[in-house]
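Colleague: Turn these sequences into a full structure, and let the hints guide you.
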Amino acid sequence: MKYLLALLLTLAAFSGQAQTGTLEGSIVDASGNMLTSVDLILEGTSLGIATDAWGKFRLEGIPTGEYILKASSVGFKTYTLPVKVEGKKLSIQLVLLEASTELPEIIINRETMTGSSHLLTDIPGSAHYLGPRQLDKFNYNDVNRVLRNIPGINIQEEEGFGLRPNIGMRGTGVERSTKITLMEDGILAAPAPYVAPAAYYFPTAGRMNGVEVRKGSSQIKYGPYTTGGAINFISTPIPSEFAVRINLMGGNFGRRIVHASAGQSFDHGGFMVETYQNSSTGFKHLDTGGPTGFDNQDYLGKLFLKTRPDAKVHQSLLLKVGQSIGKADETYLGLTQADFNATPFRRYAGSQVDNITTSQEQYSLKYSLIPAKFLDFSVTAYRNVFSRNWYKVYSAKFDPLADPTVKSVPIEKILEDPTTYSDEYAMLTGVTSPNDDALFVRNNNRKYYAQGIQGILGFNFRSSAISHDIELGFRYHEDEEDRFQSDDEFKMENGKMVPTKYGAPGSQDNRVSNAYASAAYLQYSIKFGKFIALPGIRYERMLLSRSNYGKNDPQRTGNALAKTHNQIDVWVPGIGLEYSFRKDITGFLGVHRGFAPPGATEGTNPESSINYELGTRFTRPNLTGQATVFYNNYQNLLGTDLAAAGGGGTGDLFNAGKARTYGLEMQVDYNWMPADVPFTFPITLAYTYTLGEFLSSFTAVNEDWGSVQVGDQFPYLSNYQITGNLGLEHRVFRINLSTKYLSQMRTAPGQGDIPQNQKINSNFIIDLSINYKASRWVTFVGTVNNITNEVYAVARRPAGIRPGLPLAVLLGIKVNL
Numbered sequence: 169m170k171y172l173l174a175l176l177l178t179l180a181a182f183s184g185q186a187q188t189g190t191l192e193g194s195i196v197d198a199s200g201n202m203l204t205s206v207d208l209i210l211e212g213t214s215l216g217i218a219t220d221a222w223g224k225f226r227l228e229g230i231p232t233g234e235y236i237l238k239a240s241s242v243g244f245k246t247y248t249l250p251v252k253v254e255g256k257k258l259s260i261q262l263v264l265l266e267a268s269t270e271l272p273e274i275i276i277n278r279e280t281m282t283g284s285s286h287l288l289t290d291i292p293g294s295a296h297y298l299g300p301r302q303l304d305k306f307n308y309n310d311v312n313r314v315l316r317n318i319p320g321i322n323i324q325e326e327e328g329f330g331l332r333p334n335i336g337m338r339g340t341g342v343e344r345s346t347k348i349t350l351m352e353d354g355i356l357a358a359p360a361p362y363v364a365p366a367a368y369y370f371p372t373a374g375r376m377n378g379v380e381v382r383k384g385s386s387q388i389k390y391g392p393y394t395t396g397g398a399i400n401f402i403s404t405p406i407p408s409e410f411a412v413r414i415n416l417m418g419g420n421f422g423r424r425i426v427h428a429s430a431g432q433s434f435d436h437g438g439f440m441v442e443t444y445q446n447s448s449t450g451f452k453h454l455d456t457g458g459p460t461g462f463d464n465q466d467y468l469g470k471l472f473l474k475t476r477p478d479a480k481v482h483q484s485l486l487l488k489v490g491q492s493i494g495k496a497d498e499t500y501l502g503l504t505q506a507d508f509n510a511t512p513f514r515r516y517a518g519s520q521v522d523n524i525t526t527s528q529e530q531y532s533l534k535y536s537l538i539p540a541k542f543l544d545f546s547v548t549a550y551r552n553v554f555s556r557n558w559y560k561v562y563s564a565k566f567d568p569l570a571d572p573t574v575k576s577v578p579i580e581k582i583l584e585d586p587t588t589y590s591d592e593y594a595m596l597t598g599v600t601s602p603n604d605d606a607l608f609v610r611n612n613n614r615k616y617y618a619q620g621i622q623g624i625l626g627f628n629f630r631s632s633a634i635s636h637d638i639e640l641g642f643r644y645h646e647d648e649e650d651r652f653q654s655d656d657e658f659k660m661e662n663g664k665m666v667p668t669k670y671g672a673p674g675s676q677d678n679r680v681s682n683a684y685a686s687a688a689y690l691q692y693s694i695k696f697g698k699f700i701a702l703p704g705i706r707y708e709r710m711l712l713s714r715s716n717y718g719k720n721d722p723q724r725t726g727n728a729l730a731k732t733h734n735q736i737d738v739w740v741p742g743i744g745l746e747y748s749f750r751k752d753i754t755g756f757l758g759v760h761r762g763f764a765p766p767g768a769t770e771g772t773n774p775e776s777s778i779n780y781e782l783g784t785r786f787t788r789p790n791l792t793g794q795a796t797v798f799y800n801n802y803q804n805l806l807g808t809d810l811a812a813a814g815g816g817g818t819g820d821l822f823n824a825g826k827a828r829t830y831g832l833e834m835q836v837d838y839n840w841m842p843a844d845v846p847f848t849f850p851i852t853l854a855y856t857y858t859l860g861e862f863l864s865s866f867t868a869v870n871e872d873w874g875s876v877q878v879g880d881q882f883p884y885l886s887n888y889q890i891t892g893n894l895g896l897e898h899r900v901f902r903i904n905l906s907t908k909y910l911s912q913m914r915t916a917p918g919q920g921d922i923p924q925n926q927k928i929n930s931n932f933i934i935d936l937s938i939n940y941k942a943s944r945w946v947t948f949v950g951t952v953n954n955i956t957n958e959v960y961a962v963a964r965r966p967a968g969i970r971p972g973l974p975l976a977v978l979l980g981i982k983v984n985l
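Take the numbering used here: the final residue in the sequence shown is number 985, and no numbers are missing along the way.
If a hint is listed, it holds; no wrong ones were tucked in.
Using 30 Å as the maximum straight-line C-alpha spacing, the simulated DSS-like pairs for lysine-lysine come out as follows: (1) K245 x K541; (2) K480 x K245; (3) K664 x K495.
Listed next, with one range per pair, are the computed distances between beta-carbon atoms: (4) G623 x E770: 31 to 37 Å; (5) R424 x V599: 35 to 41 Å; (6) I694 x G874: 46 to 52 Å; (7) R788 x I694: 24 to 30 Å; (8) L832 x P789: 25 to 31 Å; (9) N925 x V547: 49 to 55 Å; (10) I981 x P846: 23 to 29 Å; (11) Y535 x P923: 54 to 60 Å; (12) T525 x A428: 21 to 27 Å; (13) R476 x E770: 54 to 60 Å.
No wet-lab data here; the hints were simulated from the structure.
For each residue, glycine too, the CB sits at the ideal point set by N, CA and C.
Modeller: As structure tokens, this is what we get:
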């Protein structure tokens, strides 16, 4: 009997040990949207699962006991939860928060433009946020393709890979992104933002964790450019736990991409190191053979120190150091219309030595302090250094008599009229020249720096039913552009360029431009019931100067020094209002002053405008949308003489008088989830209508605008843009189709029908991306850009017609450990 009792007790014990339970639930983001493909594991076991297309999970056969459940997904903070499994079903719901930066939430909300996607509803103005989950969906590394999903942004492509984008907002003009405030992690990113903002350096889009855009009155705090809007790129944050990520991709045109990062957090801080390397042999074909691609290398490191989590006073220190180096066999020399029609990806022999080399360094040190719940402060010191030399063919001269008084012809004029300049055109295409000084190649050698200190003091409190939040910000900034340029001469000999004379350094351009700027802003957010008001005012004081040493003083002794300067004091007020009609529908309106610095040329006035917007926003689980109408009334529009825009390349700004832009921006995101189907179908539609008109007549001396009449429309501004994205998402794979339609646009100011030689035809581009999740650690990816292989033009500048990217394929693997 006692043996039978022992056997029964043993079986009972075994039965108790073998008892299992079930853990099920769902995972959503802060806005209530279901999150698919979130990895869940029970730490210390091999048990794990990923959420399905509905954001749900069910993990069965779990032995009874206590566990730590960990949920992780790209772009979100890792979530851990103690769970106790007792032989029955346990249901839970988790909310994952977006991981944007290493800083506390209150600092994040002040120093980023949106905080994260779920905070957009509290912004009384047009705002957009693309997080890592959205960026990861299409595997884009081209900023032009990243920003196509945001309405109100105007883009002119240039070389096909998005290395030197031309971005405008609400019709501001796209030339080298000179009319927008461009930032990385809240720090001005252009080489010399005040005195020479042409973005020959642009943050590496492929390594970014998020992109934020603000337009309307709520963007005046970011300055100095407040007319169109501001863009902030958010770099990869330090991970909350040890993590290693490696992305490897390769494709046609010799394309290679390596993106790797590693980092870890501790109780008192963390670190992260990262590299992004991107190269290609190019898709254009030189008449003489050879590469037409690029090789860019980007390195970044972060070190974060903070007080312990239970400290009464939070303090932190964030050090960020980065370097980016690149070289590209790129040119300003495009094609004639006839040659583009025949061979759109051709490169003339005259561009065979063209090359640009770049080097950029960035340093920043940020200190944050939260002494009390109602008070916070952060201050950042920063320095960016950038240098580049774009060695490119600039002009041609056909002179059988070798007469030194015969002037060379700029390449843009040759390609505009190859009949009149048939001899010069022949040399560009490889015909042997009769003279040694046949082709002039310019050393566009420039160095830049930008440095300063900026900070934000925040104060928040409640009085009765009113919530108050006050921000006081400041910035002291210096930047410089140093031009030390020369022209070399070549002859064309049987299709090969042979050097015949090297110009003395500084003999083409020899000048230094400086900016010293102080800025401050005050912004006051008031929340009362369904109403939000955001009044604010910005003050900018700047001294812009230029020292021109002349072409005959390479030692810069100053014996022929000419100086100019411009001093500006300006107040930039604005106010945004928002009202919640329902919990999920809000309306907003705003008015603010637009401003842009005028450069160092005496007599040039700042760009000035009064800007208005009226919009509505709705936010429901799996359905969001925004629509905005805007009107910008310029009292003075600024034009810029850039070689990239077909001008003379002096970089000077000039007064263009009165103008106006107006339009409509709309966006809808919908996640269709049909019943009893293990798939979801995310759909995005974005529409932009923009019209820009000159209201003053003038003649531009250098800029490619030429003679402008009242009523002429802006060049390089497509009136209609439509983006449509359609996805098919499952627990283990995602297929996404992205389309972009761009209506025809002018390449010169004008009215009525567009002349054929001043037209860029409309185009419709389709991209495809596929992500297959082979395991918790490994994902296979593929992208096909321009899957119909449409041949289309993107510009008639800097000189001649330039093609867009043809069909391009990338395949790769992503490993997250």
